[in-house]
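Spelled out from the first residue to the last, the chains are:
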Amino acid sequence: MPKLIIDNLEIEVPEGTRVIEAAEKLGIYIPRFCFHHALGAVGACRVCAVKVLEGAVEGVQMSCMIDAQDGMKVSTTDPEAADFRRSVIEWLMLNHPHDCPVCDEGGHCLLQDLTVAGGHSIRRYEGGKRTYTDQYLGPLVQHEMNRCIQCYRCVRFYREYSGYNDLGVTGIAGRVYFGRLREGVLESPFAGNLIDICPTGVFTDKPSRYTGRRWDFERTPGVCIHCSLGCRTTVSARYRQVGRMEGRFSQRVNGDFICDRGRYGFYYADRPGRPRSGRISGQTVSVDQAVYEARDRLQRITEEHGPQAVGVIGSGRSSLQTQSAMVHLCRTTGWQGPVFRNTRITGAAADTAACALNPENAVSMRELETADAILAVGADPVNEAPVLALAMRQAQRAGAQITAIDPRPLEWPFDFEHLACRAEEIGEALASAAERLSDSRRPVVICGTEITDAGIVLQAADLVAGLRGSGKTAGLFCTLPQANSFGAALLDECNACAADLAARVEAGQIRALAVIESDLWHDFPDRPQLEKALEKLDLLVSVDFLDTPLFEKADIGIPSLTVFEAGGIYVNQEGRAQQVRPAHTGGLPITVTGAGDHPPRTFAPNVPGRDMPAAWVTAFCLAGQAPPETDAQMTAWMRYNFAVLSDLARMDADGVRLFAGGKTPIAHEATMPEKPEQCLELLLAAAVFGGEPMSDYSQCLRELAGLPAVWMDRADADRHGIAAGDRVGLGFENGEVSFVVRISDHMAPGVLVVYRHPDIDWQPRAGDTRYNIREDRIRRIEKA
Amino acid sequence: MLPEQIRAELEIRIAEADHPQELAVDVMLAFQEAAGYLSERALETAAAMLKMHSLEIEEIATFYTFIYREPVGRNVIHVCDSVICWLDGSESLMDYICRKLGIAPGQTTADGKFTLLPACCLGYCDRSPAMMINRKVYGHLSRDRIDDILARFEREEPA
Amino acid sequence: MWFWLLGYLVLMAKITAVLTAVMVLAAYLVLVERKLLGRFQVRYGPNRAGIYGILQPVADGIKLLLKEDLMPEGADRAIFLAAPAVVAITALMMFAVVPFGPRLTIGGREIPMVITDINVGLLYVFALSSLGVYGVALGGWASNSKYALLGGIRGAAQMISYELALGLSIVPVVMLAGSFSLVDIVNAQAGLPFILVQPLAFGVFLISAMAETKRIPFDLPEAETELGAGYHTEYSGMRFGLFFLGEYVHMQVMGALVAVFFLGGWRGPVLPPPVWLLVKIVLVVLFMIWVRATLPRLRYDQLMNLGWKVLIPLALVNILITGAFMAA
Amino acid sequence: MIRAGIDIIASIAAGFYTTGRHLFVRPFTESYPEYKRPLPARSRARIILTRDPEGRERCVACYLCSGVCPVNCISMQAAEDSRGRRYAAWFRINFGRCIYCGLCEQACPTSAIQLTPDFEHIRRDLLDMVFEKQDLLVDHCGKDPDYDFYQHAGVVTGLAGKGDHISENAPVNTRTNMP
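Chains as they are written, first to last, in our numbering: chain A, 912 to 1695; chain B, 26 to 184; chain C, 8 to 335; chain D, 281 to 459.
Rather than coming from a laboratory, the hints here were simulated on the basis of the structure. It cannot be assumed that every hint is accurate.
[What the hints assert, rightly or not] Quick list of simulated restraints, FRET-style, between CB atoms:
# : chain 1 : residue 1 : chain 2 : residue 2 : range
1 : C       : 153       : A       : 1517      : 52 to 60 angstroms
2 : A       : 1005      : B       : 123       : 23 to 31 angstroms
3 : D       : 424       : C       : 59        : 26 to 34 angstroms
4 : D       : 292       : C       : 35        : 47 to 55 angstroms
5 : D       : 362       : B       : 40        : 49 to 57 angstroms
6 : C       : 55        : D       : 362       : 53 to 61 angstroms
7 : D       : 285       : C       : 197       : 30 to 38 angstroms
8 : D       : 301       : C       : 151       : 52 to 60 angstroms
9 : C       : 151       : A       : 1535      : 42 to 50 angstroms
[Stated by the list, open to error] Simulated crosslink set (DSS-like; lysine-lysine; CA at most 27 angstroms straight-line):
#  : chain 1 : residue 1 : chain 2 : residue 2
10 : A       : 914       : A       : 936
11 : C       : 21        : C       : 42
12 : A       : 984       : A       : 962
13 : A       : 962       : A       : 936
14 : D       : 413       : A       : 1117
15 : D       : 316       : C       : 42
Quick reminder that beta carbons are idealized off the backbone N, C-alpha and C, glycines included.
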């Protein structure tokens, strides 16, 4: 532990700490462009110069390049160092285009800050400025190379940290260029982090281009709800509208970075079609009217047919508040539910995954980065929980062996061994692959719940338990379908799924459904069954902040608030409950309420749209009860009413880990029936852009989703005479759907993989994400 | 695009290498040998052979002076403009060659015979001023000697 | 019966005449003050309403009448409403004992040219003058505002300090005249106005009178630079107008008292007696305006020092001297 | 002590003399509506949005004026036009709040927002004091007739590409054979 003195302050730091980090621990901020604690140091920018007064190397040194050593004496304020830094700024500004007023980075630009801080204001050099031609980098990232100061942060992040190769640095000397070989969409689903990481305005946020300055935004710490990881974000809102999303550092969860789905998925919150008023049989009414009407009619049905005649359906995208209010609603009224899952197979898998987690075997993403062997079972992090792939890459960079057991054509940004097998063979493969972890000391088993069933989850949990038994610090990491699926598993009391309720509707036992923040129409796998069930219903109530097809079909529609307006608690896949604060007050964005292109000129005491309640408030109202008045009271109410949530009292900045503690998950049925002869197994899988209900509303992400595609194994494709790029039609009971064919060499044979896509408005009649399609129902429509 | 024999040779070497990347420069030079410069197609092909991203090839190609990403003449003249050569008058020799060929540095003669390029340092400081034509270095340059050398190329390859 | 009715009518006529004169004079004193202050400061003063701003008082009056009458939240309603009236009424009532001419004899009946000649007129004047400060103190208190409260407290403290000097400075005059009746005091100056006999008393009385009217340099109760507008910060419209009126009527009263006590009241050659009184009042008021244009406001401790340590001892010494002379 | 008293009285008398003398000095007040004094160009009153020498809007909606405004009377929304120029989709100054401090003018990097000597813009309705962009835009360059931000800032706008601006070299070619 070297002990050194920086600016007359003494500090002891661990071996290998750079001087710049040691200074930061003392609260001394040394200017930097290229140094980033996640990316390390390269010494490219020269602006972190300090003067070493005593030590092995004396004189002006780059504080990011020298390790803290015992007896070192460093001055950051020495005139020589300050002069050096001033000169660095001046030469970095030689070619700067001086376009801060029209640059989106202006206001939170490191280069701008340091230029002002260093006192540089006049360009003394009279020669011409070097310029570059910019590239189109896709709908998310705006490129402006003239502002570049060659700190190499972008390439270091893109290549080394996240493992994608299509952004690099070409040229030499005065022509160094950061970009792609040719213009085109950046391939990495983490490209948005370039915006955060670039210390100047080379990469800026394209969808929010020119919408506002950092200082005008109300910036609130948030949590991403577009997958189950619960990454930390910073929400920037202005004029009652979310404008921009950035990654927020978290020691436990995501580190520094987030994926593009999380960064650009928020546009659902202010789309024009979002429900803002109540609706009764297609007629627009006030929210209160809709809520009272729903309450009265549900009440009447309960009185006429008994409480068994009303069902309540929720989802994993609701906050813990909403979920617990729904459980309370069913407890007080005796209604059926609430059910938080659509079907038994994936529902049971997710439930089992949540219940299998305990304080011993649960690992956070940051702990996973230190694993020395990773076995991924039926999990595709890039598509299901993208930031997990970043964590796995860090583990792999540190030397971890990664093995994947999966039928899908996995494309991960790191080296791994892919054991491709069909979904029903995963169990066997897992058993045989278990010994790969025997040499490791900190193995982690990652288990997906998208295409696996509860049996495999249990098998993975048993494997981890066995490894722990043999003295290893083994961990279990399960990905869940939705942001708050874990919360749903904690609260679930009814041991049923939406399919069960649908069956009861068909049988005439249930006459009314209240669907709260769930889109059955899109998510329910068996469309024909759902259609039949909905027809038989006397009353369908939908509470949602999205204008889902179900909301359109509902007899009574009640709008609710998004996470940005209502906040809430979300429990991520490792059981970490995280509090989200509202980012802005509810109500129509000012740009919508204004006449034409500017905000209204007059003041109204009531903001239009502010009367919308959060979904949990509506749930209380449906129960005929007064909801707790404040968020704090609601949290207290939850702690009091649900034993499993009592630990919420200990919630701090890192959240708090909640565990099911011996709760039995909902029962799972036997897995899929054996695959019949002459059939291919069609697997519906999560995609990074597409299929996640909220981010599907983002226009920019839709552009990235491409065309609906089906992946085939090369041998299967050859057998059918189909080549990559062909269009094929897959015939289902309820019609034919056309896809572009993609061919892979490293996926399980006999499997077709379709990644969820916003444009696929079709649900095969199937048990769940798996469906057997007869080979003769595959028809080539068009050759590539 | 690449003579079959050379290609086969390279592929064997790539297969034997611990990391294919280490042969990137060799592969690029082989392509350059065949076509004079590294074309877009050559870049893609090289990337495929080496199992690298074509951008990675581009990065190396644009880094090195002697890998040409733009078309060049049949003979590429590199005139050293490093300090020692400069002290020995490389500037005026460069001017001389420019006037003689009627082109500016970086350009190719109209007949496609010569491309004139500066070079950062050829490592021939002991025989400065120096220039390099087609990877062969000529030291102790003077105007007469330049005339001789260029005349030799004119002779060897009649227009 | 008939005589009684006639006496009553004469009294009403006198009251009407005096009130009208006082009110009109107060209104125009405002204009005169503003014009004069303007000229003292080398500018014009109000000159937009009518020729030379002659209609300015009318405009001000209309404006004050039309303004919204505000009542601060938490104010003591009854007192807040009554305070301006107290100030204005006490100031007006003091004119009841000011003689504005010698007795007239009409139809064999003697009519005193004073509304009422009471034998303790002087005490009556001082009593009303003291009562006037209730308006200030209560108005300040009832406003529920710290500025107003401070102004009210200052007003009360200032009144106590200067009332004493004011009273004591008049004692020699009373000793010389031998009566508390203002009519008698004027009559006592048939030969020589008391200013020549009692210059010291005159000085002390004048200074105290200015302090009593809360005028610069003694306007601490409303000191704009510190207290907003002091005790009337929260007043608006005609209620503020009453405070304003009270101040200017008070100025006239003090002018009249100076005239009565020291300048021989209505006495003077050629011109009719009421005109002389008017001239003397206006002269005193003009002097007050001049003072306002010249002297800066005193600090609060200076104000107290001046009252207690200078003016009261001076007045006492003056009484001693006068007594000594009279005894001699 | 008597001396001190005399001094006090003398100095007070001097004061009275001075003020008294002023009664007879001719006032130098300028009667405002009858006579309007010409104000210097730098006087700070009504705010305008000027145009560049080519007649295009100068404002690039950089939010610096609204950021620096001590009374938050400026608001705007930036947008991009078809030629890539950043401009203000709407721009609003609430003159009811404005204190005419001129910080916006100082902060403006494009010389777009300028204060003019025109101080006579009082409205009876407070809402009439809220000026929108069309009320603020004028058709001249104001005090800075030659400056054109987009000639200097190296951004592609459809009017000028990379390398076309003042003191810019042509865009580099990363693939050049030149070392």
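Structure-based check of each hint:
1. 153(C) - 1517(A): 52 to 60 angstroms: 35 angstroms, violated
2. 1005(A) - 123(B): 23 to 31 angstroms: Since the Cβ atoms of residue 1005(A) and residue 123(B) sit about 29 angstroms apart, the hinted range of 23 to 31 angstroms holds.
3. 424(D) - 59(C): 26 to 34 angstroms: 47 angstroms, violated
4. 292(D) - 35(C): 47 to 55 angstroms: 28 angstroms, violated
5. 362(D) - 40(B): 49 to 57 angstroms: 54 angstroms, holds
6. 55(C) - 362(D): 53 to 61 angstroms: Hint holds: Cβ distance 55 angstroms, inside 53 to 61 angstroms.
7. 285(D) - 197(C): 30 to 38 angstroms: This hint holds: roughly 34 angstroms between Cβ atoms.
8. 301(D) - 151(C): 52 to 60 angstroms: Violated, since residue 301(D) and residue 151(C) (Cβ atoms, about 46 angstroms apart) do not stay within the stated range.
9. 151(C) - 1535(A): 42 to 50 angstroms: At 46 angstroms between Cβs, range holds.
10. 914(A) - 936(A): Holds. Residue 914(A) to residue 936(A) sits at ~13 angstroms (cutoff 27 angstroms).
11. 21(C) - 42(C): Roughly 31 angstroms separates the two Cα atoms, so the pair is violated.
12. 984(A) - 962(A): Judged against 27 angstroms, a Cα distance of about 9 angstroms means the pair holds.
13. 962(A) - 936(A): 18 angstroms, holds
14. 413(D) - 1117(A): Holds, because 26 angstroms separates the two Cα atoms, which is no more than 27 angstroms.
15. 316(D) - 42(C): 23 angstroms, holds
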